[in-house]
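Given the coordinates of chain A, assemble chains B and C onto it according to the supplied hints.
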Amino acid sequence: MEQTVAELAQWLKGRVEGDGQLTLSSFAGIEEAVAGQLTFLANPAYEEFIYTTSASAVLVSDEFVASRPTPKTTALLRVGNPYEAMALLMAKFGSEGGADDDSGESASMVHPSAFVDESAQVGKNVRIGPLAVVEAGVVIGDGTKLGSGVVIAKRCVIGKDCILQAGAIVGADGFGFAPADGGYTKVPQLGNVVIGDRCEVGAGTTIDRATLGSTVLGEGVKLDNLIQVGHNVTIGDHTVIAAQTGIAGSAKVGTHCMIGGQVGIGGHIKVADRTKIAAKSGVSASILESGQIVQGNPAIPIRKHQRIQLAVRKLEAELASLHLRIDAVSPEAEATNLTNN
Amino acid sequence: MEQTVAELAQWLKGRVEGDGQLTLSSFAGIEEAVAGQLTFLANPAYEEFIYTTSASAVLVSDEFVASRPTPKTTALLRVGNPYEAMALLMAKFGSEGGADDDSGESASMVHPSAFVDESAQVGKNVRIGPLAVVEAGVVIGDGTKLGSGVVIAKRCVIGKDCILQAGAIVGADGFGFAPADGGYTKVPQLGNVVIGDRCEVGAGTTIDRATLGSTVLGEGVKLDNLIQVGHNVTIGDHTVIAAQTGIAGSAKVGTHCMIGGQVGIGGHIKVADRTKIAAKSGVSASILESGQIVQGNPAIPIRKHQRIQLAVRKLEAELASLHLRIDAVSPEAEATNLTNN
Amino acid sequence: MEQTVAELAQWLKGRVEGDGQLTLSSFAGIEEAVAGQLTFLANPAYEEFIYTTSASAVLVSDEFVASRPTPKTTALLRVGNPYEAMALLMAKFGSEGGADDDSGESASMVHPSAFVDESAQVGKNVRIGPLAVVEAGVVIGDGTKLGSGVVIAKRCVIGKDCILQAGAIVGADGFGFAPADGGYTKVPQLGNVVIGDRCEVGAGTTIDRATLGSTVLGEGVKLDNLIQVGHNVTIGDHTVIAAQTGIAGSAKVGTHCMIGGQVGIGGHIKVADRTKIAAKSGVSASILESGQIVQGNPAIPIRKHQRIQLAVRKLEAELASLHLRIDAVSPEAEATNLTNN
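Chain order of the listed sequences is A, B and C.
Per the numbering used here, the very first residue in the first sequence carries number 1; after that it's consecutive.
Per the numbering used here, the very first residue in the second sequence carries number 1; after that it's consecutive.
Per the numbering used here, the very first residue in the third sequence carries number 1; after that it's consecutive.
Chain A on its own, in the form it takes in the complex (with noise of 0.2 Å):
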């Protein structure tokens, strides 16, 4: 881009403090940002970087007080969610794209190395990376992307302008089976996938076919990478969940969800609408009341969880006072196991 901080002021509609007519080609980290592009603040604990950068302009939120003077070389930019605002720009100005973008050498619609089964139906303005498989029977909506390696197996749909990223594996059969004889018959896994509109699966992530019926991601909905989602899942509209969360067959996650990374959750389990999920919790109980924030393994409301953590911590520390002896077990503790035959 070649844009004045006034021009981009006026088109997020924010207010200028400084030097509107700053010249801003580029983006960057507000931690490497160098005269001549724009960065943002949006996370306090990056605020000290604002007092010394060389970015010719920040987006900052309206509510923004500076504890001291911020540089005279550089704008800052006014408007309600700096973080917002950084991604509008850069979807809008950003000359390179990502993984997902369309443009550069490697962007033809169906890569010529991917395998697209004849009888699946793909959408308009459909992208297929290199080395992709879309099996039999699959429906794809309009602009839905997919990325390097990822493979969609037979009869699952995936909804409009979806963006799945490299290796994402829809469509494995799920996790069944009966004891017989000793050992374990498979149960067939029947059923599919369906995807709604606009949801992200991130690289590696993995979610199984249902055994009868469908395996259903609603709308909106945004997956980290190497997540596991079992068979017979449902995930409701707009939830959000970090890496390598797994979510054990049958469980029924809600509508606007915010769960954070290797979150375990159980079988046949039921999380209520806009539960927040601590990560490495583990949910072995159904949450029923919705807008709680849990943690822990099991997990329960997160204060209380503190609030445990906490009572904890001072008997360990009033039996120290006591002097009693503990010893503790294997200190060098190996954590890593690296280097053993």
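If you are wondering where the hints come from, they were derived from the structure by calculation, not from laboratory data.
A quick note: this is a predicted structure, and the numbers were derived from the prediction, not measured.
One or more of the hints may lead you astray.
Copies of the same chain look alike in the list, so a pair counts if it works inside one copy or between any two.
[Unchecked claim] Cross-link-like lysine to aspartate or glutamate pairs, in silico, EDC-like; alpha carbons within 20 Å at most:
{"#": "1", "residue 1": "LYS13", "residue 2": "ASP62"}
{"#": "2", "residue 1": "LYS252", "residue 2": "GLU48"}
{"#": "3", "residue 1": "LYS92", "residue 2": "ASP161"}
{"#": "4", "residue 1": "LYS270", "residue 2": "GLU289"}
{"#": "5", "residue 1": "LYS186", "residue 2": "GLU219"}
{"#": "6", "residue 1": "LYS270", "residue 2": "GLU47"}
{"#": "7", "residue 1": "LYS270", "residue 2": "GLU32"}
{"#": "8", "residue 1": "LYS92", "residue 2": "ASP181"}
{"#": "9", "residue 1": "LYS252", "residue 2": "GLU32"}
{"#": "10", "residue 1": "LYS270", "residue 2": "GLU219"}
Just chains B and C, lined up with the frame of chain A:
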């Protein structure tokens, strides 16, 4: 299928309560089943649906006692194990298969887009999906199916009648490094992976080759998605492991174990036969007595673990009742880190 | 190889106890080694095997003291670090390489089934495996090896002499969304990933591109399988990370750290140099002092963590000794949710 309830009862050696002449044409879960469909009740959590279902028949166990009347339009078909019976019927009569089904457009034996090294030995009735890779010296037994994008690295051996779901990776190098000069030297990984007959490996699951010798899966082992199996691990016959569990190098897991999701098992650990490990547990010491159920991190017998959890809650309640002020930290804990720069 | 024990001792500058004229033709683990084979003893847990082995020679440390006689048919070869010595010998004499070995039928430089964009810059002696994808603008340094199905997305930069195991995904979009209209707007991910020299990236591991700037791995970083590295993360030189660990966006991990499996590191967290983090820990606050060993969730110094665990067990034991009745809940906890509908 087009079968009457009575015909299925005869085939299953089950017993009909209600109208045996109803015709069943397809399968469905108990929440969605309608007239003409067969469903089943195995998990008591779903009992309520049997009183309102429109299904024409429900497989129930011999012991099932209805707490109120079931619909007159629904026959009950009593069998020893309704889940296993459903699995058998779905395998026999399921009109459309899942991800591993042979029917359909993409069911060539070795998909033309797959790469199979000419030195690989591939058995009879093997199916290799689109864009799968079978490297040099690999041996694949009769009747085994490799999903889309599966990778079998050099010299690995896969038994008969196995199913490897899309994106499974067998035989990548184990993680072995020796400290040297302030960094690390790679320990060559010269071994392979040997997988027994009738195993299933989930989507995106990785099984590393041995440093020397073999990483071994016994017969009938079932691995869910995104599991990590380190170098030189041994997993005994008929052990089943849920998604995202990790087993570090040289661990030996016994036969007939049931391991939950997101479990971690440390390097060189032994796990006795028929051990059950609750989800999210961390096994950092060998479990030598067979048949135990363990939970927690470190994993201990489940009743002990639960007593400890209760003791801690009691402690917190007691402190709370003394009106001790415990200030909770970071109350609105950012569960997900989704939106910051 | 066909080497005598004495020849190897000379090469390693080691010392022989026993018959130096024995000929060694291959390698094996100490549990399986037979006559004609060389093995090693590095982990004390395996000491028992040295008293019964049939191996012709065992690499042991200079400090090793046998507690009873070792077999007369087995020479001991004393060196400073037996594990490193074994690694060196395996690299020099290993007759068949592992997944990353150049020899064998499939060892063409760029496999014909791989897709390499014509704008990518590929160095000398680079090996690109079957069905790998190298997208537009990628740079790959000399001597680097990409396994089967690896994906390197647009404009990412890989250093020299790196090994990317099968199915690794470098440069998928970071997980960035700004709340908007009750749902989320995607934040474009305009940056890339830069990986230093001599790094190893495990099978199925995902390293996301930066929102702006670069996600960076320093020199000699070793990542195991199924690890998630979020956008804008920095990992310092010679840090090693075990499988299934996740590092959230913008975290900065120092140099020479050792991080266990299934660890979670929160967004924007800093981890000081030479930190060791025990498996399954959750790091939710920065670790500013270098050289610590931490454990737990939240991760704290390991001795403190272990004292707290012991205090809790003491508490439970005390309550139990008071004959307080604590009713355990869900005693037969369904560890795995394998078999329900």
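Tested hints:
1. LYS13 to ASP62: So LYS13 and ASP62 pass the 20 Å test inside one copy only (12 Å; across, 69 Å).
2. LYS252 to GLU48: between (42 Å within a copy, 17 Å between copies)
3. LYS92 to ASP161: Within one copy only: 17 Å inside a chain, 38 Å across chains, cut-off 20 Å.
4. LYS270 to GLU289: within (10 Å within a copy, 35 Å between copies)
5. LYS186 to GLU219: between (32 Å within a copy, 14 Å between copies)
6. LYS270 to GLU47: Between copies only: 16 Å across, 39 Å inside.
7. LYS270 to GLU32: between (44 Å within a copy, 17 Å between copies)
8. LYS92 to ASP181: Answer is between: at 18 Å across copies they meet the 20 Å cutoff, but 61 Å inside does not.
9. LYS252 to GLU32: The answer is between: 15 Å across copies meets 20 Å, while 42 Å in one copy does not.
10. LYS270 to GLU219: Result: close within a single copy only, 18 Å intra versus 35 Å inter.
When each numbered hint is compared with the structure, no violation occurs for any of them.
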